[in-house]
Amino acid sequence: MASALHNQQKHKKEIRNISPSGGKKLQTLTKDGGMEDKRARRSAIEKKSRQRRQRVLKTMRDEVQQLETLYRTMVEKQKSTSLTTGGHSYWKNEEIRGKSQLLASARASTFYVDELALQKKYAELSVVAQTLEDDRRMLQQLLRPHQEFHETVESGFADENKRGEEAELEVWDTGVPPSLSFQAEFTKLTTAECYALVRESYEAIQRFQQTEHFKSTGANFMGWTDKRKYDESSGTLQYGFTKRFPLETAEGLLLKTWGIITDAQKFKDMSFDRSVRFRYQVLQQMNDDLVIIRRDHRIPNIDTTFASVQVLFRMQTPTGFTLCMRAIPSPEILRVQDAHEYFYDCFHWTHFNHMYDEAGNIAGCELMTAGSIADQSRLKSSYWLFEIVCSTLRWESACVAPLFLKQT
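Okay, so the sequence shown: first residue is 1 according to full-length UniProt numbering, each after it adds one.
Don't read these hints as lab results, they were simulated from the structure.
The model shown is predicted, which means the values in this text are computed figures rather than measured ones.
Heads up, a few of these hints could be off.
No farther apart than 25 Å at their CA atoms in a straight line, the calculated lysine to aspartate or glutamate pairs in the DMTMM-like style are these [stated by the list, open to error]:
| # | residue 1 | residue 2 |
| --- | --- | --- |
| 1 | Lys47 | Glu124 |
| 2 | Lys243 | Glu212 |
| 3 | Lys215 | Glu36 |
| 4 | Lys121 | Asp135 |
| 5 | Lys120 | Asp37 |
| 6 | Lys188 | Asp62 |
| 7 | Lys227 | Glu200 |
| 8 | Lys243 | Glu366 |
| 9 | Lys243 | Asp135 |
| 10 | Lys256 | Glu232 |
| 11 | Lys48 | Glu36 |
| 12 | Lys243 | Asp273 |
| 13 | Lys121 | Glu203 |
| 14 | Lys188 | Asp289 |
| 15 | Lys48 | Glu68 |
| 16 | Lys227 | Glu203 |
| 17 | Lys38 | Asp134 |
| 18 | Lys266 | Asp135 |
| 19 | Lys227 | Asp345 |
| 20 | Lys215 | Glu387 |
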């Protein structure tokens, strides 16, 4: 027992005599800037090493204290047991205590060896940290243009959505006299009501296609042929103009035409001359293929404003495509119309049918524009028929490229 206590005191004395600097003194450095930086880094490294050694010493002291506590506990148990078992326990405790002292000595001896390795590792990690910091700054610079582009795109989409929400309130006007009907609210149609209009319109178009006994002038004006019929039972004037375009496609002409009738400026330029004042408003857009608009126009020297609420839609058919414009009733607007307004009933459509060659390949487009106008007045119907002819020629000039160009 006395020898064990003597060894423990000797061990504690050795621990207290451990020098944090390992017995080595720092050499004197010069006062230039480079040496000052090295001294600062060395001081930081030594500070971290000193703190680590202090933590290790504290851990070792705690372990010794725990072992001493364990030893005292085992000695007390030894006193309460018999002499035969006591001798065996005593040597067991001595063995445990000896192992703990060897463990503490091994830790103290390997501490200085680990210090140099830790300093080297710290320097390597410092270099890696600096490299990663440089890479981070470079990646941020590369990412900045992408972030700016993303913010610009999001801002553009937000503006587009805002414009889409406000589109129904915007009115494209070139000077049509004010009217109460144009200020009236429009009750939006449901999806079922819109598609019911499409089905009804398509069935009416099919019946028109099957009608016979049309009249025709027999003339071929710039490639257009005509047919017309006055239906006394319904009081409507039915008409149709046909022309073939071998160098065009049905889908291409459909897209160009849809782009015209859904744009107020282009629609006005195609439908009327510059003397006509025109007003156009989108009331409801169900999807990309169905739009409800309100439009009216005033012709010079005529004290009447022609107004209409129309549904515009396009659809694919077995022979190609069909685009339709049809006036629809709107009681809330008709109730407040002014005396100078005339709401006309117009039903107009255009077929874009595929043309095929002898081998069965698509070889152009046959276009047939047709429709019907309620003939409440012969004068008005004659006027509309003339306007439709002019609109058809304007459409061809806008959508179909010329077959040849005159040299100047």
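We went through each hint and held it up to the structure:
no. : hint            : verdict
1   : Lys47 x Glu124  : holds (18 Å)
2   : Lys243 x Glu212 : holds (19 Å)
3   : Lys215 x Glu36  : violated (107 Å)
4   : Lys121 x Asp135 : holds (21 Å)
5   : Lys120 x Asp37  : holds (17 Å)
6   : Lys188 x Asp62  : violated (83 Å)
7   : Lys227 x Glu200 : holds (23 Å)
8   : Lys243 x Glu366 : holds (6 Å)
9   : Lys243 x Asp135 : violated (67 Å)
10  : Lys256 x Glu232 : violated (35 Å)
11  : Lys48 x Glu36   : holds (18 Å)
12  : Lys243 x Asp273 : holds (23 Å)
13  : Lys121 x Glu203 : violated (85 Å)
14  : Lys188 x Asp289 : holds (16 Å)
15  : Lys48 x Glu68   : violated (30 Å)
16  : Lys227 x Glu203 : holds (20 Å)
17  : Lys38 x Asp134  : holds (22 Å)
18  : Lys266 x Asp135 : violated (54 Å)
19  : Lys227 x Asp345 : holds (20 Å)
20  : Lys215 x Glu387 : holds (19 Å)
Violated hints for the displayed structure, listed by number in ascending order: 3, 6, 9, 10, 13, 15 and 18.
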